[in-house]
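Engineer: Quick mapping for you: the protein sequence lines, in order, are chains A and B.
Numbered by the numbering used here, the letters in the first sequence go through residues 1 to 481 in order.
Numbered by the numbering used here, the letters in the second sequence go through residues 1001 to 1484 in order.
Bear in mind the hints are in silico, worked out from the structure with no lab data behind them.
Don't take each hint at face value.
[Stated by the list, open to error] Computed footprint of chain B on chain A, listed as stretches where at least three residues anywhere in the stretch have a Cβ under 8 Å from a Cβ of chain B:
1) 47-61
2) 79-91
3) 115-128
4) 277-290
[Stated by the list, open to error] From the structure, some residues in chain B lie toward chain A, with a derived Cβ separation under 8 Å:
5) C1080
6) D1082
7) T1086
8) L1093
9) N1095
10) I1097
11) Y1100
12) A1102
13) M1200
14) F1230
15) R1233
16) R1320
17) A1375
Quantities reported herein were computed from a predicted structural model and do not represent experimental measurements.
No residue lacks a Cβ here, since even glycine has one placed at the ideal position from N, Cα and C.
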Amino acid sequence: MQWETVIGLEVHVQLTTKSKIFSGASTAFGAEPNTQACAVDLALPGTLPVLNEQAVKDAILFGLAIDADICRDSVFERKNYFYPDLPKGYQTSQMDKPIVGPGVVEIGLEDGSTRRIRVHHAHLEEDAGKSLHEDFSGMSGIDLNRAGTPLIEIVSEPDMRSAEEAVAYLRKIHSIITYLGVSDGDMSQGSMRCDANVSVRLKGEEEYGTRAEIKNINSFRFVERAIKVEAQRQIDLIEDGGRVVQETRLYDSDKNETRSMRSKEEANDYRYFPCPDLLPVHIEQSLIDQLRDTLPELPDAKRLRFEQQYGLSTYDAALLTAERCIADYFETAASTAGDAKLAANWVNGELSAALNRDNLHLSQSPVSAEQLGGLIQRIRDNTISGKIAKQVFEALWNGEGDSADAVIESKGLKQVSDSGALEAMIDEVIAANPAQVEQYRAADDGKRKKLIGFFVGQIMKASKGQANPGMVNQLLGKKLG
Amino acid sequence: MPSYTVADIIRGLDAGDYSSEEITRQYLDAIAARDGQYNSFITVTPELAIAQAQAADNARARGESSLLGGVPIAHKDIFCTDGIRTSCASKMLDNFIAPYNATVVEKMAAAGAVTLGKTNLDEFAMGSSNETSFYGPVRNPWNRDCVPGGSSGGSAAAVAAGLAPAATGTDTGGSIRQPAALCGLTGLKPTYGRVSRYGMIAFASSLDQGGPMARTAEDCAILLQTMAGFDERDSTSMDVAIPDYRAALDTDMRGQKIGIPKEYFSAGLDPAIGDAVHAALAEYQKMGAELVDISLPHTELAVPCYYVIAPAEASTNLSRFDGVRYGYRCENPSDLDDLYTRSRAEGFGDEVKRRILVGTYALSAGFYDAYYRKAQQIRRLIKQDFTDAFQQVDIIAGPTTPNPAFGLGEKVSDPVTMYLEDIYTIAINLAGLPALSLPVGLCDGKPAGLQLIGRDFDEARLLAAAHQYQQRSDWHSRRAPDCD
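Given the sequences, and given the hints that come with them, work out the whole structure.
Structural biologist: Quick look at the structure:
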């Protein structure tokens, strides 16, 4: 039987506003527990929420970026449930009138095709605090620093048909929010979190199967694995004559399995109702227009431009535009170097490999875009060969110089293009290898091409790689006759 | 001691007849000597009061003037006071020392007022008799076997008994006006949004409003001048210009139209109250006002509508009292559910639990449309009734309560009868309008109140109308027995 997986994602994105969504407390990550929770965040009696204007603007920007309708009169509601890290006993969220209406996110697939994933809506809400169960024997600790951090929750339609599509969608959301600068999108710090609704059905079936919701998956890789393992669980269950029940499940990344958290019957009745402490948020068209004017170039537009302006392949352009900082880095390096294709190769090749090797994000790269551009310049003007350039790059990476020129200078890596110096080296090599010379002279043209490699290799070795390979070939040809 | 008004004390202080410290000590002594009879204070703050009074005297000596410089007042124990227990008359907050001041408290202090203490109330302001307080019932100074009304019963009794010249109150369904009526005081519920709710412990957020309780309309005008104003910490407070309320008191009644809603004089009204109200209205006619018969057709829906909306909001407002961060926590909880269940079961009183249950039910899946949504629709109809009426008239007048103060224990076991206490006051909260109650007679030795209702932000007109009446009557200066 041919099964099809149906996936919808709910993505929570923490906004990088300076203060919380309903209070003046700071949102910075990593402070001592409960030092960034004010009276409002602690839900002290008598405190009241005041909406953070920047959070509203950030949500509108996101809505505009996915071509969604912006709700001109959105309403905050209370979602009621008890949990120790939820100080008020309700989460202020949006239900009936979310700020961002239906929109679309386009994703690129491996075969080069694209798909449009519909976004049902996106709404503003406050984050809860954190419950810390380790370090306290028989007790739990509560850290309310995170309580009240602004979130947008982006709810997709069940439009994805594979774990790979889900990841592509998630990466695109990540691109959009980081391009907009409304979030750092760091999944490891919880700045972006994902719940996946997963169901399976036979290919060609119209009806959706019963779905399970997998909560709080915290990396792209785990999203892919959790969906795959959950879809397989459902398929196995049905093929064994069982039935999928609607429930909330948790993904255990150590065991690579999902397990039941609570069933639909146990689900809370959240008793949503409009929050009487907050007025409906009325948004003027002029504000929407004003924000639209500030929208940066978004990933899809930038990728197209890179293809056209720099003559890059779709693949290279997509890699370079996945994050705004990569695109910015590339463009700076390309303009410094004066060669976009070489810059693209270096950013996607050597730089990307070094970052991966040292587990760094581009923002932490020891080699700046200007430095890389300077290095590429020296390849272009034949000061160094591509091979030496890799040495120079490593040296820059290790902080052994401020610029490619400084490294080349201090390490004496400059390419030898002086024909006098090269001739002297060639003469030495010829004198030291009479047998090879004889062999070469006796060979026909076809064999000679192979044999000349030996001499080039010897000269490069003698010059520590600094001999200009083009000139060496030319001079050797002459000398060997 | 003499029964001073706020205006009297301001004059006395200005004239140098006494210092703030002297007058403050008089009130503190009176509280110590006589509050045992009324139980109107939960917490008395003599040290703070003396310090504030001395500071006011010093400021005065330096030639600095402020609106309430040195005038002692009491705060309903629903307003957060920095460093002082703020209990809301609940076991749940018996141990809660607020770490900040409510905006109202801050404004009063900034205007130089002296805080005598925190007054008793129904637990979380839920009640009309002040019998649901964790600290015991308050007794009505006019008749100590009777209730003072609620929920601001402690504030009303303290002022009526001469233990404070004025006090703050809050009004969600009548909690300023009804106790003012039952204790012979003038009490004003301002327009929703006129006074900041920041630091005022929420009962029903869309209905709660703080306001003054005093002997006279003039005192209410002085206090409102200080309390009113936009507060950026309260999103529902309104940025509307604040008139000079005291200057407006001289506006006379000639040519003003007073609407008399027939629904406010129906079968449930005690005839003695009806007589007192009619006599007062006749007086207004003599002052040149025109009385106009009107109808507020949705009046009878106000009580059921209120008892869906108010408990619904309360049920979630009170979720924060969970035993986790502050307030009452049960002994030795076995797990999280036990912590929640027992802390709330032991920390809240019966009336509070009843309203949490009603409100939770009204918001539940499957019942929301039938109750909460329907109640919101009715609320709009009630507001429309008033909007229509105010096309014709400037003020709407009627009784504040259907009967004078009733006996302690008389209605406490019958919530529905108790809820009908607020039959004339509740609709005004649903509509968000300003209204005040002023004393207009005595029925068998117990005060009767006239309620004046105004357009949005038309407090000045209501205060002036009450003041004009008080220039021609002496009900407001009558004293409860043994309280001279």
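Engineer: Report holds or violated for chain B covering the stretch 277-290 of chain A, Cβ cut-off 8 Å, minimum 3 residues.
Structural biologist: Contact hint for the stretch 277-290 of chain A vs chain B: holds, 3 residues under 8 Å.
Engineer: Hey, does the C1080/B contact hint survive, CB to chain A under 8 Å?
Structural biologist: 5 Å, holds
Engineer: Holds or violated: is there a CB of chain A closer than 8 Å to the CB of R1320/B?
Structural biologist: 4 Å, holds
Engineer: Was the hint right that F1230/B lines chain A, CB cutoff 8 Å?
Structural biologist: 12 Å, violated
Engineer: Identify whether the interface hint at Y1100/B stands, where standing means a beta carbon of chain A within less than 8 Å of its own.
Structural biologist: Y1100/B check passes; min Cβ-Cβ to chain A is 6 Å, inside 8 Å.
Engineer: Should the hint that T1086/B touches chain A count as held when the rule is a Cβ pair under 8 Å?
Structural biologist: With a minimum Cβ separation of about 7 Å from chain A (threshold 8 Å), the hint on T1086/B holds.
Engineer: Taking 8 Å as the Cβ threshold, is the statement that the stretch 47-61 of chain A is covered by chain B upheld or broken by the three-residue rule?
Structural biologist: As far as the stretch 47-61 of chain A goes, the hint holds, because 5 residues have Cβ atoms under 8 Å from chain B.
Engineer: With a cut-off of 8 Å between beta carbons, are at least three residues of the stretch 115-128 of chain A near chain B?
Structural biologist: With 0 residues close enough to chain B, the hint is violated.
Engineer: When the nearest CB of chain A is found for D1082/B, is that gap smaller than 8 Å?
Structural biologist: Result: violated, 11 Å to nearest chain A Cβ.
Engineer: Against chain A, with CB atoms and a cut of 8 Å, does the hint on A1102/B hold up?
Structural biologist: Since the shortest Cβ distance to chain A is 6 Å, the answer is holds.
Engineer: Would the hint on L1093/B be counted as holding, given a Cβ-Cβ threshold of 8 Å to chain A?
Structural biologist: 7 Å, holds
Engineer: Per the CB criterion, is I1097/B less than 8 Å away from chain A?
Structural biologist: 11 Å, violated
The structure fails to meet hints 3, 6, 9, 10, 14, 17 from the earlier list, while all remaining hints are met.
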